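For the sequence shown, this note's numbering assigns the number 1 to the initial residue and increments by one for each residue that follows.
Watch out, some of these pointers could steer you wrong.
Derived DSBU-like pairs: lysine-lysine, alpha-carbon spacing no greater than 35 Å straight-line [what the hints assert, rightly or not]: (1) Lys118 / Lys65; (2) Lys118 / Lys42; (3) Lys249 / Lys146; (4) Lys259 / Lys65; (5) Lys252 / Lys240; (6) Lys213 / Lys94.
Treat the hints as calculated values from the structure; they're not laboratory data.
The structure displayed is predicted, hence computed values, not measured ones.
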Amino acid sequence: MNSRISKYAVLYILLLSCKGINEKQNLVITNYASSEHLIEAKELIKTLNDENIKIVDFRNPEEYKTGHIYGSLNIWRTDVSDSSFPYIGMRAGKKNIELLFGELGIDNNDLIVVYDDKGSPDAMRLWCLLKNYDFDSVKILNGGLKSWESVGGKLTTDPFSYNPTQFYLPEKSSKNLWIDKDELLDLISDESKNVILIDTRSSEEYKGNQIKKGASKGGRIPTSIHIDWADAVDLEGSKKFRSIEELLKIYKGLEMGLKDTVIVYCHTGYRSSLTTFVLRELMGFENVWNYDGSWVEWSYFDELPYEKDSIIL
Numbered sequence: 001m002n003s004r005i006s007k008y009a010v011l012y013i014l015l016l017s018c019k020g021i022n023e024k025q026n027l028v029i030t031n032y033a034s035s036e037h038l039i040e041a042k043e044l045i046k047t048l049n050d051e052n053i054k055i056v057d058f059r060n061p062e063e064y065k066t067g068h069i070y071g072s073l074n075i076w077r078t079d080v081s082d083s084s085f086p087y088i089g090m091r092a093g094k095k096n097i098e099l100l101f102g103e104l105g106i107d108n109n110d111l112i113v114v115y116d117d118k119g120s121p122d123a124m125r126l127w128c129l130l131k132n133y134d135f136d137s138v139k140i141l142n143g144g145l146k147s148w149e150s151v152g153g154k155l156t157t158d159p160f161s162y163n164p165t166q167f168y169l170p171e172k173s174s175k176n177l178w179i180d181k182d183e184l185l186d187l188i189s190d191e192s193k194n195v196i197l198i199d200t201r202s203s204e205e206y207k208g209n210q211i212k213k214g215a216s217k218g219g220r221i222p223t224s225i226h227i228d229w230a231d232a233v234d235l236e237g238s239k240k241f242r243s244i245e246e247l248l249k250i251y252k253g254l255e256m257g258l259k260d261t262v263i264v265y266c267h268t269g270y271r272s273s274l275t276t277f278v279l280r281e282l283m284g285f286e287n288v289w290n291y292d293g294s295w296v297e298w299s300y301f302d303e304l305p306y307e308k309d310s311i312i313l
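Can you make the complete structure from the sequences, with help from the hints?
Here it is, written out as structure tokens:
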């Protein structure tokens, strides 16, 4: 194997898999580095009546009304965004999240299970947000709504609510998942720093040919490498995450060790939240940062450098 990601990541997975060696000493390297924050539909359906599990449907309200998991609460992007910026998509502050969750009836002792129907990028944004504020009791339903329906899970069109609570995020936050534009600019401007920057949008967005709503121009952040977030998910089938072997193939072209600094971004931080989860949780990379403002924020500032069609501007 030629690349560092192949050498280090496979070694890491092999070590993790040693616990699963059978009597004939056959290694099976199918385990993720961690699946702590994933839950399968078969497991969730068994715990549906547990009062300390709160299920969150992270889709827009109109989709929620057409059918959702019984007992699930509805949260959408606008609920967890800070509208005070001159551009869209910035994450909500700690107090806003506490108020929202309290109004929804989510308790600090609850396990939060989040799902969407797109392969989990929207659900992952909520995981990333809560994880950054050191609230760790959250899982993603692997495969989302499709997975739920595949095991005969019940859907309803009736809205659901709980009595309000007092919800508090941990007082001290490590804030170990986000990086802001000034920090990112410093990193990519310093050639002595070994930073891998991954653009997780579509190839047309990366090339600058497609400008999505909210962006001020087309293009990409200089030094970006393109790896579409959707490559990590069986998007046309189960909508579940791909196996560790498949993930290693997707990222094998990068000169990336488990302790290297990796920064990911997309349009507004949703798709890159999923890639953050894949690299950190499923593959075991330790220093992965999500640029929250992503292309919408970066493109807003004319003084920030960008590339388009291989021309640096």
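Against the structure, the hints come out as follows:
1. A hinted pair counts as satisfied when its Cα atoms are at most 35 Å apart, and Lys118 with Lys65 qualifies at roughly 17 Å.
2. Distance restraint check for Lys118 and Lys42: the Cα-Cα separation of roughly 19 Å lies within the 35 Å cut-off, and the hinted pair is therefore satisfied.
3. For the proposed pair Lys249 and Lys146, the alpha carbon gap of about 25 Å is at most 35 Å, so the pair holds.
4. The hinted pair formed by Lys259 and Lys65 fails the criterion: a straight-line CA distance of about 44 Å is larger than 35 Å.
5. With a CA separation close to 20 Å, the supplied pair Lys252 and Lys240 stays within the 35 Å bound.
6. A distance of roughly 26 Å separates the Cα atoms of Lys213 and Lys94; the hinted pair therefore holds under the 35 Å criterion.
Hint compliance for this structure: hint 4 alone is broken.
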